[in-house]
Amino acid sequence: MDPEAFLDMANQVIKLKMFPYFDIAHSLLAALAVREDLGSNAQSFSRKHPLACWLSTMLVIFSGGMVANALLGEPILAPLKNTPQLLVGTVVWYLVFYTPFDIGYKFGKFLPIKVVASAMKEIYRAKKVYDGVSHAAKLYPNAWIIMIIIGTLKGNGAGFTKLLERLIRGAWTPTAMEFMQPSFYTKASLLASIIFVLDKKTDWISAPHALVYFGIVIFLVYFKLSSILLGIHDPFLPFENLFSAIFFGGIWDSLAKILGRGQAKEGEVKDSKKSN
Amino acid sequence: MDPEAFLDMANQVIKLKMFPYFDIAHSLLAALAVREDLGSNAQSFSRKHPLACWLSTMLVIFSGGMVANALLGEPILAPLKNTPQLLVGTVVWYLVFYTPFDIGYKFGKFLPIKVVASAMKEIYRAKKVYDGVSHAAKLYPNAWIIMIIIGTLKGNGAGFTKLLERLIRGAWTPTAMEFMQPSFYTKASLLASIIFVLDKKTDWISAPHALVYFGIVIFLVYFKLSSILLGIHDPFLPFENLFSAIFFGGIWDSLAKILGRGQAKEGEVKDSKKSN
Amino acid sequence: MDPEAFLDMANQVIKLKMFPYFDIAHSLLAALAVREDLGSNAQSFSRKHPLACWLSTMLVIFSGGMVANALLGEPILAPLKNTPQLLVGTVVWYLVFYTPFDIGYKFGKFLPIKVVASAMKEIYRAKKVYDGVSHAAKLYPNAWIIMIIIGTLKGNGAGFTKLLERLIRGAWTPTAMEFMQPSFYTKASLLASIIFVLDKKTDWISAPHALVYFGIVIFLVYFKLSSILLGIHDPFLPFENLFSAIFFGGIWDSLAKILGRGQAKEGEVKDSKKSN
Chain A
20 MDPEAFLDMA NQVIKLKMFP YFDIAHSLLA ALAVREDLGS NAQSFSRKHP LACWLSTMLV
80 IFSGGMVANA LLGEPILAPL KNTPQLLVGT VVWYLVFYTP FDIGYKFGKF LPIKVVASAM
140 KEIYRAKKVY DGVSHAAKLY PNAWIIMIII GTLKGNGAGF TKLLERLIRG AWTPTAMEFM
200 QPSFYTKASL LASIIFVLDK KTDWISAPHA LVYFGIVIFL VYFKLSSILL GIHDPFLPFE
260 NLFSAIFFGG IWDSLAKILG RGQAKEGEVK DSKKSN
Chain B
20 MDPEAFLDMA NQVIKLKMFP YFDIAHSLLA ALAVREDLGS NAQSFSRKHP LACWLSTMLV
80 IFSGGMVANA LLGEPILAPL KNTPQLLVGT VVWYLVFYTP FDIGYKFGKF LPIKVVASAM
140 KEIYRAKKVY DGVSHAAKLY PNAWIIMIII GTLKGNGAGF TKLLERLIRG AWTPTAMEFM
200 QPSFYTKASL LASIIFVLDK KTDWISAPHA LVYFGIVIFL VYFKLSSILL GIHDPFLPFE
260 NLFSAIFFGG IWDSLAKILG RGQAKEGEVK DSKKSN
Chain C
20 MDPEAFLDMA NQVIKLKMFP YFDIAHSLLA ALAVREDLGS NAQSFSRKHP LACWLSTMLV
80 IFSGGMVANA LLGEPILAPL KNTPQLLVGT VVWYLVFYTP FDIGYKFGKF LPIKVVASAM
140 KEIYRAKKVY DGVSHAAKLY PNAWIIMIII GTLKGNGAGF TKLLERLIRG AWTPTAMEFM
200 QPSFYTKASL LASIIFVLDK KTDWISAPHA LVYFGIVIFL VYFKLSSILL GIHDPFLPFE
260 NLFSAIFFGG IWDSLAKILG RGQAKEGEVK DSKKSN
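Protein chains in written order, with this note's numbering: chain A, 20 to 295; chain B, 20 to 295; chain C, 20 to 295.
No wet-lab data here; the hints were simulated from the structure.
Honestly, I wouldn't trust all of these hints.
A pair holds if it fits inside one copy or across any two, identical chains being indistinguishable in the list.
Below, computed lysine to aspartate or glutamate pairings styled on EDC-like, alpha-carbon distance capped at 20 angstroms [what the hints assert, rightly or not]:
(1) Lys36 <-> Glu197
(2) Lys157 <-> Glu93
(3) Lys206 <-> Asp222
(4) Lys67 <-> Glu259
(5) Lys206 <-> Glu23
(6) Lys243 <-> Glu197
(7) Lys67 <-> Asp253
(8) Lys67 <-> Glu197
Sequences are here, hints too, so could you generate the full structure?
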């Protein structure tokens, strides 16, 4: 592929307009996620508690912006002032939950539709991470950690509001904490945030910004499609295990075990007993 | 009744000063609500945990302002800067919980006192809803949904902070979520907010503002008194059922059932099993 | 001791630089507290969930500032912009959890180290309470209650974020609410806040400010050391019991019991049954 053409394409991806098509894809996947999360209750729950159903879907759709605003001292409700986006979300929610004979839901679950929507959502995610990092960088130009946190939250806000979202629906699952078992989306958003911060704040990345951005978009879309089509869920796992072994005690614990101290082993046994 | 005199009266209701009498009524009902919520433990709880008791009562009294501030990025503690209101709340809390031989509590529970305080509280509620809508309209002149949310929260803040209020007292009831089974006060505040927004932002309501406001006050007081004296708890129910049947799947689900698909029925059975 | 020299010393305590030694002591005790709270799972938990472990430790370290900011409408993440403090916290966290053969943890638990760190933390606490009161006084010059709340939260933020901190680690303990059984640190921070407010806003305290501040430092350090070395955990208890007996029903309840009403007694029996 011609590098010139590639850069051109990258520049166009950066300028992509998100409204309305990408918002539709994002809202569709959010509503489907809420419905899946409700399980076999979805049908009756949506009939009995339409307000809680609507609110939790809106929370999933606007989660990134709301959580980031909450942490930056900005109005939590501000994302709702975007009326067209709110209307799109509400219409999609209605179609997924209340269409006769569940046509809307079945349409959304149809594989080709889901694949296209997922790919669009990943493009949207890259934009959100980038916007989050840029916004935090304006407020705190020297606080890398704040940029990274905001970028990650914007990228996968729904993961972090899951507890609240379920609480709105009257369900409380304290052990389903995103921080405990970060999903692939959280890890990918974290990585993307770090790369954007490095790109913005240092000279370590010499590629033009459009290429960096485009690379992240490709990375996100590629792994999302692998996950749907091939069932590969977490490409980070091997790296994490290596990292854990070196820095978070893996090697030393093994050494201690061999030396007969067995401290780590004991702790593990207790832990696994508890989780059983 | 003479329309002139009626309008005059409406104008006077709008200008009613809230402090201190309406604040006393509001605080009294808040403290009574906390005490009822504690059930038979109230006596011993208030002796063992006066701090938690005071904090949760204050949270109920100032809930509307605090929740609205939290969502609008304003200081959550700001409502407490109103020192006279805080003192009134504290004195009322003390009288309800700690007077010898429970005189304060018995006085507050005395039906005529409760009826008058409840009526005053509804007048206060109308004012709070109106202030909430006006405040949100200043911040986000085009975001109707934000005005409605803030108006509703100001009108029935205590409903939405119930989980937090109980948590302060060490009790956690995730299923008692206001969104799941909105109370009459939430629905009435929602309706009042919508009417105030329409009155403010459109020409659809041709009546003078004072009359609209007065109408809402009468509506709130009337149904509150019916609820206490006649036991009518939710006049919205028939309208909701109709609305649900038309828009939230009622009719289509019935049709689907008749056609032998039985999807909704199945879901419902599972749901009711779970809740048992 | 020469009063001149004493005042000189007090003036020097006020001007003490906190970074980096006091921050190290504070972070060390925070990391140790997280590790103790994890109990026998600490070893395996820190290996399996390093992100949750790090986040909850950071929450404990920065809790005071974050909670105070949240309640004053300021950015919750702002305390993290202090990069050197964040790095100190991260290094200490790493040493406590991941050093080979647990050298870091054992070092931190070594009594002389713990005593020195605890004393330094109390000096830090006095400064935080004072800064909290001053900051709130700038925002709300007439709202004493807000100054006292912010001072207390800055002094013992970790007590109030305990629920959230455990939630990050997937554990939910709603009954461990600080308001229910305030710890000595909360009570001491509350007392210190009240004294600072009186010193700032009234003429009731005629001693120079440096002496008031120094007195609070001595009080905090003295009782912390008594607690570690002598096992005296709550010097406020007798005063509280007296206060409760006079103002929170103690005497009246006894009188009522004697008069044969027995209301309080009954409630207590029910309460103790529930807690069993």
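- Message: Going through the numbered hints above, which ones does this structure break? Give me the numbers in ascending order.
- Response: 1, 3, 5
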